[in-house]
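**Student:** In order, the protein sequence lines correspond to chains A and B. In this text, residue positions in the first sequence follow my numbering: the first is 17, and each later residue adds one. In this text, residue positions in the second sequence follow my numbering: the first is 2, and each later residue adds one.
Calculated directly from the structure, the hints in this document are not laboratory data. We put the CB at the ideal spot given by N, CA and C, even for glycine. Incorrect hints may have been included.
Between beta-carbon pairs, the in silico distance windows are [stated by the list, open to error]:
id, chain 1, residue 1, chain 2, residue 2, range
1, B, Leu-47, A, Asp-125, 17 to 23 angstroms
2, B, Ser-100, A, Gln-48, 43 to 49 angstroms
3, A, Met-93, B, Asp-3, 31 to 37 angstroms
4, B, Arg-76, A, Gln-48, 29 to 35 angstroms
5, B, Gly-84, A, Gly-131, 17 to 23 angstroms
6, A, Arg-70, B, Glu-8, 43 to 49 angstroms
7, B, Glu-14, A, Gln-118, 36 to 42 angstroms
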Amino acid sequence: MAFKERVVPTIRIGDSLLVPIQIDLDDKTVEQLQTQLLAEIQEHRVRAVILDVRMVEVIDSYISYTLTETAAMAHLMGCRTVICGIQPPVALTLAQMGIELQGFLVARDLEHAMGLVYSP
Amino acid sequence: MDGKLRELLDIPENDFDVVVRISREEDIAIARQMAKQLAQELGFSLADVTKVATAVSELARNIYRYAQPGKIMIRKRPEESGGPAIQVVAADRGPGIESVERVLTKGYTTHERSLGIGLSGIRRLMDFCEIASEVGTGTVVRVEKRRRKF
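Pulled out of the complex, with its shape left as it was, chain A reads as follows (with noise of 0.2 angstroms):
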């Protein structure tokens, strides 16, 4: 995929996808970053999506939702998608409207989230 159609830059870690959130996530971005991994998905043939949202600092009820729904289409895809790094007042935020972010393997950190990419 071009360059330039990439919201995110994503690095490739053996058979896995990383993708380094280093932006502030709003409607359309996080739209565009979905298409992205998609196409990376199908292109790369990956075992795993790792978003790493250390520099998130705001996930609200769309984004949470785009990112389900990415995470459920990567399964469909054959693709497990781990999420690492919320932040503290991320967790509490979306913990506290309910929001479980269904579909995603959750990981501490990038170590953990490579772990979990091979556990059974």
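Could you slot chain B onto chain A? The hints should help.
**Tutor:** Frame of chain A; chain B shown alone:
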């Protein structure tokens, strides 16, 4: 028309520190950013800054989706009236809400790309939440978050 709603729809913009008109998708992020900044200025904890920013994001998206154009107005409540707090008013003259009780039910939505969690979530994130709405007139959601002492 409901007197309370009319009163809320006519709140002067000058009473607020920030007014963001919501008519484009990008305006959601702008409103969220403004709320975050004001909460930080008031010395809110990082957790509460995030809650306020998330709540404003939900309010702005509701306007964008169902009732644009509308506006998000944010102000720091004056110190003298009981400690620092942030107040947000989301106002529109859109279609209005048929049943306020129903939209506050977690999981209820009329939009296909939604968790139906916005307004019920806002109520849990903030200290105060009031909704005034009338079909054909508009909707005003007023929320408030006080600064907590640690």
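**Student:** Would you mind marking each hint as holding or not holding in the structure?
**Tutor:** Now the hints, each set against the structure:
no.	hint	in the structure
1	B:Leu-47 / A:Asp-125: 17 to 23 angstroms	holds (19 angstroms)
2	B:Ser-100 / A:Gln-48: 43 to 49 angstroms	violated (35 angstroms)
3	A:Met-93 / B:Asp-3: 31 to 37 angstroms	violated (50 angstroms)
4	B:Arg-76 / A:Gln-48: 29 to 35 angstroms	holds (34 angstroms)
5	B:Gly-84 / A:Gly-131: 17 to 23 angstroms	violated (46 angstroms)
6	A:Arg-70 / B:Glu-8: 43 to 49 angstroms	holds (44 angstroms)
7	B:Glu-14 / A:Gln-118: 36 to 42 angstroms	holds (41 angstroms)
Hints 2, 3 and 5, counting from the list given before, are not met by this structure.
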